[in-house]
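Spelled out from the first residue to the last, the chains are:
There are 4 protein chains.
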Amino acid sequence: MSHDSASNKEEHITEHIDDYAGHDHITIHPNAWSKYRLMMREYVAEFLGVCILIIFGTGVDCQVVLSSVTGVASSQKGSYLSINIGWAVGTAMGVWVSGGISGGHINPAVTIALATYRGFPWKKVPGYIAAQVLGGLVGAALVYANYYHAISIFEGGDDVRTLATAGLFSTYALDYMTAVSAFFSEFLATAVLVVVVLAIGDRKNCPPPAGLAPLVLFVLILGIGACLGMETGYAINPARDLGPRILTAMVGYGSQVFTFRKSLTPHRLWCPVISPILGAQAGAIFYDAFIYLGDESPFNKPCVSSFCSLI
Amino acid sequence: MSHDSASNKEEHITEHIDDYAGHDHITIHPNAWSKYRLMMREYVAEFLGVCILIIFGTGVDCQVVLSSVTGVASSQKGSYLSINIGWAVGTAMGVWVSGGISGGHINPAVTIALATYRGFPWKKVPGYIAAQVLGGLVGAALVYANYYHAISIFEGGDDVRTLATAGLFSTYALDYMTAVSAFFSEFLATAVLVVVVLAIGDRKNCPPPAGLAPLVLFVLILGIGACLGMETGYAINPARDLGPRILTAMVGYGSQVFTFRKSLTPHRLWCPVISPILGAQAGAIFYDAFIYLGDESPFNKPCVSSFCSLI
Amino acid sequence: MSHDSASNKEEHITEHIDDYAGHDHITIHPNAWSKYRLMMREYVAEFLGVCILIIFGTGVDCQVVLSSVTGVASSQKGSYLSINIGWAVGTAMGVWVSGGISGGHINPAVTIALATYRGFPWKKVPGYIAAQVLGGLVGAALVYANYYHAISIFEGGDDVRTLATAGLFSTYALDYMTAVSAFFSEFLATAVLVVVVLAIGDRKNCPPPAGLAPLVLFVLILGIGACLGMETGYAINPARDLGPRILTAMVGYGSQVFTFRKSLTPHRLWCPVISPILGAQAGAIFYDAFIYLGDESPFNKPCVSSFCSLI
Amino acid sequence: MSHDSASNKEEHITEHIDDYAGHDHITIHPNAWSKYRLMMREYVAEFLGVCILIIFGTGVDCQVVLSSVTGVASSQKGSYLSINIGWAVGTAMGVWVSGGISGGHINPAVTIALATYRGFPWKKVPGYIAAQVLGGLVGAALVYANYYHAISIFEGGDDVRTLATAGLFSTYALDYMTAVSAFFSEFLATAVLVVVVLAIGDRKNCPPPAGLAPLVLFVLILGIGACLGMETGYAINPARDLGPRILTAMVGYGSQVFTFRKSLTPHRLWCPVISPILGAQAGAIFYDAFIYLGDESPFNKPCVSSFCSLI
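Chains as they are written, first to last, in the numbering used here: chain C, 258 to 568; chain F, 258 to 568; chain H, 258 to 568; chain A, 258 to 568.
Warning: the hint list may mix true and false statements.
Remember, identical chains collapse to one label, so a pair may be satisfied in a single copy or spanning two.
Unchecked claim - Dumping the calculated DMTMM-like pairs for lysine to aspartate or glutamate here, alpha-carbon to alpha-carbon at most 25 Å:
(1) Lys-380 x Asp-552
(2) Lys-292 x Asp-552
(3) Lys-292 x Glu-553
(4) Lys-380 x Glu-553
Calculated from the structure, these hints are not laboratory results.
Source: prediction; values computed, not measured.
Produce the entire structure from the sequences given, and follow the hints as far as they go.
Right under this line is the structure:
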């Protein structure tokens with residue numbers, strides 16, 4: 258989740274060309290395909306990053322929960338801690354495969370926060386988010402295919418699909434959580450996530466060595482799941498929730514995955530989508546207001562700007 | 258928990274100015290707010306570090322213990338190992354967000370030890386400690402709000418608050434622990450903590466690469482919790498205990514959080530507050546007496562000083 | 258699993274000689290043995306890497322499963338998570354002992370993928386694979402010897418050897434898995450494995466610092482086992498499965514380890530051998546088609562080649 | 258466990274002086290004490306390293322096992338995996354506090370192997386081993402004091418001390434293990450340990466960055482405990498076993514800690530003391546014979562030496 262990705266495509270290509278010049282093992286556009294790849298590359302990286310995140314994350318949900326039924330496995334294959342570890346591994350691997358290409362956001366809430374506070378170009382934001390959600394959908398499809406037989410045994414038939422296993426793919430808050438509580442839980446966890454993401458990307462703070470940010474994220478997501486995860490399932494990432502949720506709607510769970518808790522209509526959007534986006538903003542505002550010195554942040558613009566004149 | 262932070266504010270600002278000069282992306286005081294931020298920055302970092310430590314730490318306490326009741330969750334969401342991991346993550350993240358700003362002490366016992374043996378300026382000590390305790394209080398408040406409904410289910414009502422859940426926020430020694438045993442347990446664990454903190458900050462020893470000290474602390478706190486944690490709840494940090502304890506007193510637990518084990522009056526202060534401070538001193542004295550070569554340590558002052566003349 | 262190993266033996270030796278020249282502590286061929294060692298060195302490293310992988314991996318299988326019987330141990334010594342950790346440690350240690358010598362493939366599927374897409378010399382491939390399978394066989398033999406008495410207690414006698422303990426050494430898919438499902442599960446997991454391996458070896462992406470790739474692999478294999486492991490036992494490595502399977506056939510389990518699920522004849526080869534090889538190819542194709550810029554990849558050959566003319 | 262420590266004391270001091278010259282914060286012998294410290298420093302570091310290893314290791318043994326009794330704690334505070342983690346943390350922390358001073362051997366088997374194959378000066382070996390055993394004894398004493406009340410509750414009285422709790426401090430093989438099996442188990446685990454230690458200290462292989470060797474050892478010891486630990490308690494370190502064993506004899510367990518399994522008299526020495534030493538030799542011989550190129554190894558001496566003439 259570094260935020261050093263090129264601020265516009267032209268610069269980006271130029272940078273690559275410079276790199277090429279300095280290293281004789283890489284040539285520019287060696288063939289017709291290369292041009293298309295260069296255009297898609299950042300978006301494919303975000304797609305791939307979320308896809309891998311979801312393969313690990315929904316994979317561990319399936320393995321641990323489904324194996325609690327003896328027809329699926331002779332003994333349970335993991336515990337709640339395994340689930341926390343699985344999502345942490347997914348996050349780390351998602352960023353390791355995409356970090357150097359797209360910045361490794363793999364989370365729309367992070368992408369929007371970086372656009373707002375770190376100069377990530379807004380024109381790339383829609384493409385990033387679309388790629389992220391699509392990655393979540395495809396990752397969930399691969400895991401659904403992988404655990405198809407086990408899901409059917411758990412549900413009691415190939416044509417039985419209930420929220421009991423829909424919950425393996427997208428998040429559903431505990432029954433007693435009010436809309437406000439669910440919102441707060443996701444808001445708090447995402448704010449913590451973004452404060453850490455900004456801190457480890459701030460070279461005036463205490464950043465890990467190049468290439469090890471994903472290790473920090475492993476530890477971070479392990480902790481968020483273990484410490485703040487049970488109430489809402491720690492979406493903290495709209496793509497992590499929406500992509501798999503759309504997949505479940507497509508493969509037979511139907512509209513129930515969207516009408517869950519209809520009496521709390523806005524819940525589904527507020528809890529796993531709006532709340533992480535706002536929580537990310539809150540985390541970034543706190544970090545920039547009190548800690549950050551870099552001039553990409555609106556908090557560090559000269560006072561001639563309208564923003565600063567408010568202070 | 259590096260101890261390379263500037264030894265006085267004037268130097269600190271100068272250093273920043275030098276940095277600014279060498280890097281055209283940062284300007285000094287771009288707006289009115291910047292000046293205030295620079296004054297508060299180190300203290301806010303300590304506040305933020307402890308706040309994040311406590312969000313993870315008391316968060317995992319709440320999640321694991323509260324979910325053992327079926328009204329809260331269908332199955333327990335974690336184990337004692339999860340609790341050890343949660344506190345370890347909190348420590349690592351607390352230092353990752355503050356390490357480059359304030360040195361990442363996030364522990365009054367460490368701050369006092371660094372002031373005594375590593376030249377950390379004493380005039381900053383009161384501000385650091387106040388920020389640390391306040392961070393603990395605010396972190397606990399956020400977690401209390403987050404788990405409010407679950408706590409009420411666990412306790413049996415919104416207006417029932419007993420030591421059963423107060424213990425999720427601050428530490429209470431096991432019943433059979435005497436005052437001496439409780440003191441010794443915290444003393445030993447904090448001495449080990451400080452020996453490791455000083456070793457990984459000693460460039461003549463075997464320090465991890467820049468930016469990875471928090472990873473070492475993750476492993477360290479994981480171990481302290483797993484190995485030395487059960488008797489007193491491993492406060493090993495006065496701010497970690499006092500901040501959340503004050504919060505519990507404020508939100509409805511009342512004075513019982515301070516009068517616990519009244520017959521052992523000094524226990525509350527000795528076990529989670531005085532003992533870590535003295536244990537940190539003991540660890541630092543051992544390390545400096547036998548290992549450390551740097552001249553900030555009183556053990557390495559020339560013999561003209563009164564301290565050395567004792568030897 | 259770096260893929261920077263020398264592309265042919267002559268270059269390799271020259272490189273060593275250059276190194277020797279620059280460092281006076283090493284001399285070329287100081288004695289008669291040195292020449293033989295230099296010829297065998299890469300192959301021995303692969304042998305050693307897989308041997309260590311299998312010592313940890315089948316070791317943890319034995320310890321956790323055998324200790325579930327009270328005659329073996331008073332309480333179970335580990336859990337399914339321990340098994341995931343054991344295989345992860347084995348992978349990391351296998352690469353740490355071989356990475357700088359042979360590239361640390363320790364997996365025929367990886368070796369073949371690197372030969373296809375990263376210019377690893379094909380003439381070394383048979384030797385690498387033979388060394389890897391032999392390493393698996395020897396590692397399993399050491400673990401079999403180590404747990405001999407416990408296996409006998411578990412089975413009920415020194416001369417009783419059934420699939421119940423053969424499954425501690427090589428992988429057997431769950432009963433309800435069809436051949437297609439088992440193939441898909443191994444295919445998916447190996448594709449993810451290879452995408453990550455290529456990403457952390459791609460210096461245009463987000464590689465970890467030199468010497469820490471095994472740490473990434475530790476996290477990766479921990480996740481693959483926790484998230485995608487239960488259905489087929491996550492071979493994802495033909496040598497990991499074949500070596501120990503041959504050993505079990507040799508030490509008394511007989512031909513049943515090969516005739517398992519005879520009605521699904523091709524299963525044994527498809528699931529733990531062919532599927533990982535093809536999954537590795539799929540992962541490499543995806544990564545190279547969409548992300549990789551280095552010119553060793555067939556995707557980056559100039560268009561004069563027949564391959565590119567297809568695009 | 259780096260093996261770059263100075264090969265004799267004179268060189269060592271000279272190196273320090275050079276360092277001092279280049280860094281104006283450190284002065285040589287600023288006071289009377291400094292001279293004594295310099296003489297003791299390496300030995301104290303080994304003492305401290307083993308002491309910290311044993312504080313964590315026997316600490317986690319005590320916490321997990323004692324808390325299984327409800328009089329000690331309301332629920333068990335950890336699992337077998339916690340025990341594996343505790344010993345892994347202890348090893349990592351023991352090396353982090355001593356690595357830059359003494360090389361961080363913290364294991365007589367490693368010290369002897371480095372003396373044999375890496376030129377570690379034999380004249381330091383007795384002092385290192387004495388310091389290591391003493392560190393084990395003192396660490397065990399601190400943990401015994403820490404868990405004194407819990408041990409008494411577990412045993413049923415302050416004056417009851419049986420092998421049930423002696424086993425928390427030193428290792429006792431499972432009942433059905435023969436002397437040969439126990440020997441083999443420790444031999445195998447220590448050989449693996451030393452192969453990894455030599456590999457990560459071999460700059461021609463795949464060493465981790467400076468200061469991260471202890472992290473590798475954390476992963477390694479976690480794996481050895483999880484995969485090869487249950488049969489003999491994975492001493493793999495004579496000081497780890499002998500120091501705490503002597504302590505238990507001293508504090509009231511009496512001679513039973515030495516006469517355990519008297520019918521297998523040599524067991525106690527062979528299993529946790531001789532076997533690790535020989536296993537370390539075997540690991541080093543394998544690594545040097547097939548992988549290592551550095552000229553400190555006897556395998557790389559010129560053929561004029563009598564050793565090489567055997568080949």
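query: At most 25 Å between C-alpha atoms: does Lys-292 with Asp-552 qualify within a copy, between copies, both, or neither?
result: between (34 Å within a copy, 15 Å between copies)
message: I want to check one pair: Lys-380 and Glu-553. Are their C-alpha atoms no more than 25 Å apart within a copy, between two copies, both, or neither?
response: within (17 Å within a copy, 33 Å between copies)
- prompt: Which holds for Lys-380 with Asp-552 at a C-alpha limit of 25 Å: within a copy, between copies, both or neither?
  reply: Cα proximity of Lys-380 and Asp-552: one copy only (20 Å, versus 31 Å across).
field: Within, between, both or neither, where Lys-292 and Glu-553 count as close if Cα-Cα is 25 Å or less
entry: between (31 Å within a copy, 18 Å between copies)
The structure meets every hint from the earlier list without exception.
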